[in-house]
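Each position in the sequence shown, counted from 1, maps to that position plus 3 in our numbering.
Derived by calculation from the structure, the hints in this document are not laboratory data. Don't take each hint at face value.
[What the hints assert, rightly or not] Taking lysine-lysine and the DSSO-like style, the derived pairs with C-alpha atoms no more than 30 Å apart in a straight line are:
| hint | residue 1 | residue 2 |
| --- | --- | --- |
| 1 | 407 | 523 |
| 2 | 523 | 40 |
| 3 | 414 | 510 |
| 4 | 523 | 414 |
| 5 | 523 | 510 |
| 6 | 510 | 407 |
| 7 | 40 | 50 |
[To be verified] Derived Cβ-Cβ restraints for the label pairs, each shown as a range:
| hint | residue 1 | residue 2 | range |
| --- | --- | --- | --- |
| 8 | 199 | 523 | 49 to 55 Å |
| 9 | 27 | 70 | 29 to 35 Å |
| 10 | 239 | 70 | 27 to 33 Å |
| 11 | 528 | 30 | 42 to 48 Å |
| 12 | 511 | 193 | 45 to 51 Å |
| 13 | 12 | 532 | 27 to 33 Å |
| 14 | 283 | 4 | 50 to 56 Å |
| 15 | 511 | 27 | 45 to 51 Å |
Heads up, the beta-carbon is just placed ideally off N, CA and C, and yes, glycines get one too.
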Amino acid sequence: MSPVLAGVLQLLALIAALALAYRPLGDHMARVYSSEKHYKPEMWIYKAIGANPSAEMRWPAYLRGVLAFSAVSVLFLYALQRAQGILPGSLGFSAIDPDQAFNTAASFVANTNWQSYYGEQAMGHVVQTGGLAVQNFVSAAVGMAVAVALVRGFARSRTGELGNFWADLVRGTVRILLPIAVIGAIVLVACGAIQNFAGIHEVGQFMGGTRQWNGGAVASQEVIKELGTNGGGYFNANSAHPFENPTPFSNLFEVFLILVIPFALTRTFGRMVGSLRQGYAILATMATIWLGFTALMMWTEFAHHGPAFDVAGGAMEGKETRFGVGASAIFSVATTLTSTGAVNSFHSSYTGLGGGIQLLGMQLGEIAPGGVGSGLYGMLVMAIIAVFIAGLMVGRTPEYLGKKIGTREIKFAACYILITPALVLCFTAAAMALPTPPHSMLNSGAHGFSEVLYAYTSGANNNGSAFAGLNADTQWYNSTIGIAMLLGRFLPMVFVLALAGSLAEQKPVPETAGTLRTDKPLYTGLLVGTILIVTGLTYFPALALGPLAEGLAS
């Protein structure tokens, strides 16, 4: 079987699996977030934290819950890392340095999982399992809660109430993420992923000496890092490591885990707003971009340029032979079009245009399908921008799902789409202009610039993957990328929740003959075009200096 055909068949199998899971999972999540029933274990959690799950919140209160929970999480995870040297199960590792502890705490709480350390050489069992794995669950649940609050803003009228953050957080964790993660961990263990609390042990001769590996609860952390679109690996090699991702089947299963909730949330959205066709329109937009990027990535990596590429069947540098070009390309696009950041190949080794596709996928805002929750609310903000543009073209006040998009709403949407590019471009410019940060670049020229641009794009968009040629374990990069991750995660949430509150207060507008039909293919095309044009106008100059220059020169 040719490598190209193998890659296409894997893509078709993935699409079939996602299609089978779409309806039951989407409907289940709609029931979870619409239910008024509280299970007994959930009530224990509410009692422990002193929350009333039945109390409705307006958007400022909902936002305070998001920020307070996340701030406590950052402080807890930071303290856990700083105390690692005196904790049991530390495997002899010392406390994490302050700047790196801050970067890691910000990273995992922001659902970014950027790692400037070697996991198997820095973190013991307590920090990995009690700190990082826990944040993989709850940071994903926070994103889902914010998305559901925005959906309620569209679904409700004449009220500013968006639900209860604590109830949404607990339900998302207990009823959605945890059950799927348990089943997924069993599948990964069956495939060969490790799950233990073993210490450090020697595994044989390696280049004249012995090689040491430590065990760990890898499968359970691997499944939620993919399912929650987190991405932080137990080992430095991430999902290229055979302990995390042992076989081609486990690789395809992990891609399925990355995509299943973000895609299924579009059906949840359709259910909660009372129109499945609206959910299908958002799904079609996400799927169009995802399939287009996947096809383009496979083309760039399979394109042959000389005898070495011909013999290898494509650009195999930096890719695992057990996966090949096709599976690596599928994984790469899935992880950069979502906020996952997991890698099963070395992104810096992709072709120049392939690296540009990875960068552009993140710069879209990771909305196709995006992270759990963040992909949906990011796409809905772009949907508002699209109907606003359509309204300008026909000279009428834009509407979306029966809500008028006025001055207040469009200001919130505009702030949302501007904050992340501002962080990326300003931090990248500062890193290139100052004398010290460029010393961390492994490469010079266009590729070196791409390393820095990729780092801040990944951090501000809550992705977490890296070109890895950049030495990011410095005070400058640990601090600035940490700030970019926190601001890139929580500032957009402020505008999303403010937008949700504004929409929930409105009186529904009846549909007329002049209303733009947002459940038709014409609108889907408009939305795809809006996303690509807005992103292109924002980032094209930076991309031209990096991956485009490299790709055209090769």
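For each hint, the structure was consulted:
1. A distance of roughly 19 Å separates the Cα atoms of residue 407 and residue 523; the hinted pair therefore holds under the 30 Å criterion.
2. The straight-line distance between the Cα atoms of residue 523 and residue 40 is roughly 36 Å, outside the 30 Å bound, and the hint therefore fails.
3. Restraint check: the Cα-Cα separation between residue 414 and residue 510 comes to about 19 Å, which is no more than 30 Å; the hinted pair holds.
4. Between the alpha carbons of residue 523 and residue 414 the distance comes to roughly 26 Å, so the proposed pair stays at or under 30 Å and holds.
5. Annotation: proposed proximity of residue 523 to residue 510 holds, straight-line Cα distance about 24 Å (limit 30 Å).
6. Of the supplied pair hints, the one linking residue 510 and residue 407 holds, its CA atoms being roughly 9 Å apart against a limit of 30 Å.
7. For the hint linking residue 40 to residue 50, the alpha-carbon distance of about 15 Å falls within 30 Å, and the restraint holds.
8. Taking the beta carbon of each, residue 199 and residue 523 are about 53 Å apart, inside 49 to 55 Å as hinted.
9. At about 34 Å, the CB distance of residue 27 to residue 70 agrees with the hint of 29 to 35 Å.
10. The given range of 27 to 33 Å is respected by residue 239 and residue 70, whose C-beta atoms sit roughly 32 Å from each other.
11. Evaluation of the 42 to 48 Å hint for residue 528 and residue 30 yields a failure: the beta carbon distance comes to about 28 Å.
12. The hinted window of 45 to 51 Å between residue 511 and residue 193 holds, with their beta carbons roughly 50 Å apart.
13. Checked against the hint of 27 to 33 Å, the C-beta distance between residue 12 and residue 532 comes to roughly 31 Å, which is consistent with it.
14. In this structure, residue 283 and residue 4 break the distance hint of 50 to 56 Å, their C-beta atoms being roughly 34 Å apart.
15. Between residue 511 and residue 27 the CB atoms are about 30 Å apart, so this pair departs from the stated range of 45 to 51 Å.
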